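Chains as they are written, first to last, in this note's numbering: chain A, 4 to 421; chain B, 14 to 129; chain C, 3 to 482.
For the record, the hints were derived by calculation from the structure and aren't laboratory data. Computed from a prediction, not measured in an experiment: that's the story for all the values here. Beta carbons are placed, not taken as given, at the ideal position from N, Cα and C, and that holds for glycine.
Only pairs whose alpha carbons sit at most 16 Å apart, straight line, appear in this in silico EDC-like list of lysine to aspartate or glutamate:
1) B:25 - A:308
2) A:219 - C:279
3) A:223 - C:279
4) B:96 - A:179
5) B:25 - A:305
6) A:277 - C:305
7) C:397 - A:86
8) B:129 - A:41
9) C:376 - C:82
10) A:334 - A:407
11) C:390 - A:108
12) A:113 - A:94
13) A:104 - C:394
Only part of the chain B face toward chain C is listed, based on derived beta-carbon distances under 10 Å:
14) 63
15) 65
16) 66
17) 72
18) 73
19) 95
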Amino acid sequence: MIYRDLVIIGGGSAGLAAAVSAYDNGVKSILLLEKSPELGGILNQCIHNGFGLHRFKEELTGPEYAARYIKEFRARNIEAMNETQVLKLHEDLTVDVMSSKLGLETIQAKAVVLAMGCNERTGGQISIPGDRPKGVYTAGLAQKHLNIDGYLVGKRVYILGSGDIGLIMARRMTLEGAKVLGVSELMPYSNGLNRNIVQCLKDFDIPLRLHNTVTKIIGKPNLTAIEISDVDDNLRPIKGTEQIIECDTLLLSVGLYPINTIFTEGAHGKLYAKTKGAFVDQNLETSIPGVFSAGNVLHVHDLVDFVSMEGEIAGKNAANLILNGRKDVKKVVEVTESNNVGYVLPNIINVTEATDSVEFSFRVRKPMKRGEIIIRDGDTVVKSIKAMDLLPSEMKKVTLKTNDFESYNHLFVEVKEL
Amino acid sequence: MDREFTCIVCPKGCHITAHEDGTITGYTCLRGLNYVKQELVDPRRTLTSTVKVDNGQLRVCPVKSQDTLPKDRVFDVVAEIDKMSIKAPVHIGDVVIENVLGLGVNIIATKNIGAK
Amino acid sequence: MEKLYDSIIIGGGVIGCAVARYLSRYNGSFLVLEKHNDVGDETSSANSAIVHSGYDPKPGTKKAIFNVKGNKMMPQVAEELDVPFIKNGSLTVSFSDEEDETLKELMERAKENGVRAELIEHDELLKMEPNLNPEAHKAILCPDAGVISPFNLCVNFMENAMDNGVELRLNSKVEKVEHDGDIFRVTLESGEAFEAKTVVNAAGLYSDEIAAQLDDINYHVVPRKGEYYVLDHFNENWVKHTLFMCPTKVGKGVLVSPTSSLDYIVGPTNEEASKTDTSTEASVLAELKATAAKLVPQIPYFENIRQFSGVRANSSVGDFVIEESKKNPGMFNLACIMSPGLASSPAIGEYVADLVKDKLHLEVNPNFNPRIRKHIRFTKLDRDEYNKIVKENPKYGKVICRCETVTEGEIVDAIHRNCGARTVKGVKKRLRPGFGKCQGTFCQNDVIKILARELNVSPDEINYSDLNTQIMKYDVKGGN
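Just need the whole structure built from these sequences, with the hints factored in.
In structure tokens form, the structure reads like this:
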């Protein structure tokens with residue numbers, strides 16, 4: 004058995020930030036567990052720029068952004084174990100791991116931060132009918148083959164889903180000599196950032212088909228074509244709109260979801276159905292006391308800057324728990340998403356004497372040109388702010404500052420379209 | 014004729030209009046204004062790619078153009094990068110190609126890669 | 003001159019591989035010809051993966067005989083060949099008075115077939131399977147039914163056969179079989195030809211076509227497509243037994259079952275199809291959902307990780323064809339091996355191997371080893387034992403596939419065994435990286451590089467499955 008005050012699972016942007024923040028808040032016995040040979044997580048394959056505008060006030064590439072945090076992490080001499088796989092997390096805060104160095108080993112922690120990131124949804128999960136040939140990849144996998152190893156998976160490419168990774172890969176593969184034939188998006192609006200529609204599609208005259216999807220995969224053993232169709236308002240394919248597109252590659256950029264297997268299967272942690280991430284309080288502490296969750300394993304972010312910030316919050320609160328123990332909870336206030344809001348975090352506020360501010364993160368369910376973000380306690384409006392250009396693809400934050408959280412019963416976060 | 018732009022300077026993606034009379038509206042910061050001014054006369058883009066590494070712990074190293082490149086020369090620059098290889102160890106900021114194709118912009122490494 | 007084999011087996015599906023394994027108990031020269039780039043790539047790897055107990059085939063049929071025998075052999079086979087196998091038992095559930103009557107008849111059949119079976123009443127049934135539709139009346143429990151990895155069963159049969167001297171040629175599609183005097187001549191699509199004293203036709207969906215080259219046959223393969231959902235191993239106890247619907251005049255219904263890797267499988271449908279059509283259809287899958295809901299009302303399809311379909315070699319005569327050709331003695335046709343073919347495979351393999359042995363008067367192979375080298379898996383060993391192995395070979399401590407927890411050591415081992423993995427799909431079939439929730443998104447890149455390193459080729463030469471299916475296909479960073 005190995006003993007450490009704080010164990011952080013995952014060495015990507017959330018985990019690194021949590022480690023640095025916990026250290027700076029006084030916890031020195033920290034162990035970060037990372038399954039890959041290097042730290043930085045998914046940023047290592049996101050070689051495009053656009054990271055860090057919030058955090059560092061400049062535009063960095065993924066590896067550069069990661070390097071900044073790795074430098075901070077190393078400067079503090081925080082312990083990391085690379086190529087170490089977590090097999091199981093238990094409710095008593097023991098963590099079973101496996102690595103070449105340790106073999107099978109168990110670590111006992113006083114607090115744990117989950118920072119394992121997210122998975123891409125696959126073709127199987129979205130049930131695209133047809134054959135199962137080689138040539139269908141999640142955008143992130145094709146990105147890894149290209150950006151980590153220098154191999155292009157195909158030359159005639161179609162992309163399903165307008166998520167940012169798909170858009171980024173449209174440009175990346177085009178620049179390396181592939182012909183990207185188009186992008187289909189099921190929804191009537193794009194799921195990617197506007198800037199990526201412009202610089203990744205429009206710059207290369209790649210058509211974006213909204214309200215359209217892939218209805219058949221064709222080819223055996225290699226992909227030879229796909230069938231695309233328009234969809235109706237219920238997102239069902241419309242007969243007669245089918246179009247065959249010959250291609251050797253179909254990339255899927257159809258959504259991400261938190262990887263919480265360790266949390267649910269081992270520790271039986273509670274998940275929030277809307278995010279598939281942990282159910283957390285305002286300190287990002289989960290239903291398992293001492294286990295915190297941050298970054299894409301909590302909810303999928305669009306900006307890494309916010310992942311880092313969340314990691315910092317989790318790290319700080321974990322340190323606080325380790326060093327100062329638990330404060331008495333005076334009241335538990337539930338938080339629930341309401342009109343036009345897809346999800347909101349935290350799920351509960353454990354009100355203590357120190358609770359004077361809570362930051363809510365949420366996403367709207369549909370694009371709105373103008374809206375009013377409302378936090379209400381039951382029917383009583385507690386706070387409202389106007390906002391422009393609300394998009395489902397952009398996570399929003401709103402902070403509620405008050406010393407009177409105890410007076411609330413059940414907070415709802417909603418957006419009124421104006 | 015008015016020209017519509019979606020700003021690519023930051024993730025906000027403001028909709029900016031360059032009017033026929035020369036006025037520009039819709040930007041929310043100076044960088045957005047400058048982007049559209051530039052876009053009207055000489056569209057430029059930052060390029061990111063990878064370059065082959067010899068004897069490195071990884072096979073390729075990510076790189077970027079230190080400044081923006083003329084949009085219509087981006088493919089030429091990729092071809093230039095794909096032709097060459099660099100030796101590990103590599104450090105962030107190492108110049109991979111100086112003044113690529115005489116465009117006045119360096120291609121630099123964006124990742125630290127140790128030697129094998 | 004050319005080598006004269008004692009026997010050539012056409013087809014490296016589970017039947018061909020089983021025959022090869024049991025033939026290797028005898029001294030002789032045996033060759034398996036498989037058209038794909040790995041064994042077991044067609045029907046053998048796209049089925050329900052159930053080791054049926056044998057309670058329901060009509061008594062006296064080949065299906066009944068070989069199923070019951072195969073089921074009895076399977077625990078030992080799985081142990082010797084280190085194949086994931088769970089004897090979870092099956093429940094055949096009735097939902098009406100009429101179906102209750104059918105269950106009674108089936109109980110009689112079970113008795114005649116010599117299969118253990120027990121009638122379970124409603125209350126106990128729902129205690130056994132709380133997620134079952136509460137409208138269920140009763141069920142037949144067959145405790146000897148099980149679930150097995152069809153991939154490993156097939157591959158490990160072949161590995162064991164090769165350990166004992168059988169030859170395997172992949173990418174060898176048989177085009178022509180000729181009989182001249184005492185010699186069979188088998189010619190590949192490539193023109194290459196092999197000669198043997200006997201031929202075992204285990205060509206699966208194409209077994210009727212191979213048989214018809216030499217004989218006038220009165221049967222043919224009826225291809226029937228079955229589509230499935232696979233759900234992740236989200237909860238160990240969601241469904242414990244293999245749940246069958248009571249067969250009706252309309253059909254056999256569908257099953258809901260755990261798999262040998264503790265995933266769950268829902269299916270199959272039953273459609274007319276061509277022999278090569280393994281596609282899935284949205285409307286058919288929607289129907290499958292509706293049918294399966296009768297058995298288990300709340301199926302968590304958000305845990306769905308894949309759909310697939312397989313084509314079964316159903317029989318125009320309703321039973322397996324397992325016979326020596328009268329016109330061409332020495333030609334053994336194993337055709338129309340439909341369900342319960344997987345369960346029957348060891349029994350068929352043993353029976354047919356003995357037919358060949360008797361024909362050629364083969365001697366027993368005194369060096370035959372019925373076991374393959376055990377796979378080293380951390381779940382099967384205690385911690386100290388495992389850590390000793392990791393110390394000797396650190397690759398056993400390095401996890402490559404995190405969804406299914408597969409180590410680099412296991413992958414390297416699977417590549418270097420007989421009938422070893424050569425492709426991404428080959429690794430997936432043997433060890434499961436790529437079968438899990440992420441479907442290879444995280445580990446495919448590593449698996450390709452390990453394959454390339456171990457096979458001493460470049461990553462762009464590693465195929466996904468068949469030849470010319472490279473994934474890392476274009477090296478765009480050639481450098482200078």
